[in-house]
Amino acid sequence: MSESILSIAKTHVLDFLPKAHDVKGFAFPTTRHEAWKYTRLGVITNNEWHVVPAGNTTAVANTIEVVNGYYEVGSLPAGVRIEQAGSLSKPMQERMVRMIQAAGTKDIFDAAFQHACTDALVIHISKGTVIEGNIHINFTITENEGMAAPALFVFAETHAQVDFTCEWKTGVGRTLHLPQFFFELEAEARVRFYQLQNTGSDEIILLREHVQQGPHSHFAISTITANAAWVRNELTIVVDGEGCESDLSGAYFPRGTQLVDNHTCVDHRVPHCNSNELYKGVMFERSKGVFNGKVFVRPDAQKTNAFQTNANIMMSDDATINTKPELEIYADDVKCSHGSTTGQFDEEALFYLRARGLGEESAKMLLVSAFTSDVLERIHNDEWHDYVREVLMGYELITE
Amino acid sequence: MLKIENLRARIEEKEILKGLSIEVGPGEVHAIMGPNGSGKSTLASVLAGREDYEVTDGSVSFNGKDLLEMAPEVRSREGLFLAFQYPVEIPGVSNMNFLKAAVKEVRKHRGLDELTAKEFLALVKEKSKLVELDGQLANRAVNEGFSGGEKKRNEIFQMAMLDPSLCILDETDSGLDIDALRIVSNGVNAMRDGKRSFLVITHYQRLLDHIVPDFVHVLYKGRIVKSGTKELALELEERGYDWIKETVDAQ
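Residue numbers (our numbering), protein chains in the order written: chain A, 1 to 400; chain B, 401 to 651.
Hints in this document: simulated from the structure, not taken from any laboratory.
Hints are supplied without guarantee of correctness; some may be wrong.
[Said to hold, decoys possible] Below, a sample of chain A positions facing chain B; criterion: calculated Cβ distance under 7 angstroms:
| # | residue |
| --- | --- |
| 1 | 198 |
| 2 | 200 |
| 3 | 351 |
| 4 | 354 |
| 5 | 355 |
| 6 | 356 |
| 7 | 357 |
| 8 | 359 |
| 9 | 366 |
| 10 | 370 |
Where a beta carbon is used, it is the ideal one built from N, C-alpha and C, also for glycine.
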């Protein structure tokens, strides 16, 4: 069954990347594996995937186009330096290898990423640089049954500040996005990464994000899944410097037979850090949702404040959600909480709105908008916030 | 305007309205009083279209149309307004956006042009004055964190915005202090124009000092057992409900 992904093993161009030496040694995980208990892989294993050649594209200023896993970078603001596969210095290659090795080769998807990764981009935000506006990244795959596994590295140096906006856009037919992102924040740096998953209805995203935070750094990430056949976001944040802030948020609105799976992990290793996590789901029709939120508070991580919430509303009797908070706390002077709710609509609220003249559908949409508004409010970029809302309104998921 | 005939309704297996009849003409104010558990709030809920209740018999005609056939939102657009006994808090939905959508739907149904943003704001300003509603409240989430009095004033404000032909006030006086009661009543009275009708449901007579009814009905065990003019309310205030209960139970 795994032959389809393995066929890409010969195509890689980034020779310096570590390789799981024998991809065939990995089988696809099954629902017997704890990490994949609720997430079936049929949509991946039942298809033939091939690595797609670079497409023709140009990128406008402040924009990065990632087509078929190859980067095309527009002019970027002063203070931003990029390195791309082909022009990577030896020390940078070694640094990347170390980071990929630290992330580990856990399963066939890590192995496949290492073998199918045809391009890598490194973005340095220089010391003290505060980027006005945002850098935008688009991901697309332009061939049916094409797969792409780009690597993205973001290094925010001391006191640097940058906002990214990122959209997965409609490509051609069935596609498989298999990217991995690596973020390193030095002391006092701030990186905000706002992404919108908005592909065609047959496209798949399996995204692995690795974040390393230095002292007093601030990392915020917002992942809004508007449309895709199957999405799994694995986000790991290692909080390794004191005084850090980590904000994780996401909203998902799966419809039909779509699946959205968010696996997050915040690893508090040092004292005096705050993490705040808020994910919300609106489950339609026969969709499936998975949320798994790990929080580790290591013995040294005293005075940690770690909060996690996952809330879901079921719009249909046929939808399912599996939600699991996993807090492991080994320090005694901490404030940690988690909350998980799954429910139907508040019928009283629905009746109240209808009794004032709103139709049932628009009343529901208004309640969905209200339910997810606090997630969208975590996008501290007005233009992007409005754009995400517009996209969601386009699918008639939320209303003004 | 409103004609209820032999209305029977139940919730799950329990019959609550047992053949209730009442007729409200244009411009009339009818008070419905009754002891706890007599079916007052059920009547309000059935008229507004709450789905928990099943109508098993009888009919309700509203401006000549079959009210019971209509979805709750259609009833509202047709001109029926229920001021809730317990207005619902809806975090995340702004009062303004909600009202804008509601006014739009209602006007569309009635064949009226959509209000411009400016006209809408002018209307909000005018109607919020009726109940001395602070402009700040209008901008908050629907009823969220409102005091009891603010919630009831918000109900009357919404009522004024939607310009109904029949207003049903379900225990609007409950939880109100004297000042709030006066403000809410003034708001209601300002809407009395000789054409608009009111069904005022209350346990106590005190609301009727402020909103003076044309007719008073006593609801007991799911039926109207006594009707009269405003003097009946005063008599109930003085004598309580027991003498009515005894008379009915003896029959």
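The hints, checked one at a time:
no. : hint : in the structure
1   : 198  : violated, 23 angstroms
2   : 200  : violated, 30 angstroms
3   : 351  : holds, 6 angstroms
4   : 354  : holds, 4 angstroms
5   : 355  : holds, 5 angstroms
6   : 356  : holds, 4 angstroms
7   : 357  : holds, 4 angstroms
8   : 359  : holds, 5 angstroms
9   : 366  : holds, 6 angstroms
10  : 370  : holds, 3 angstroms
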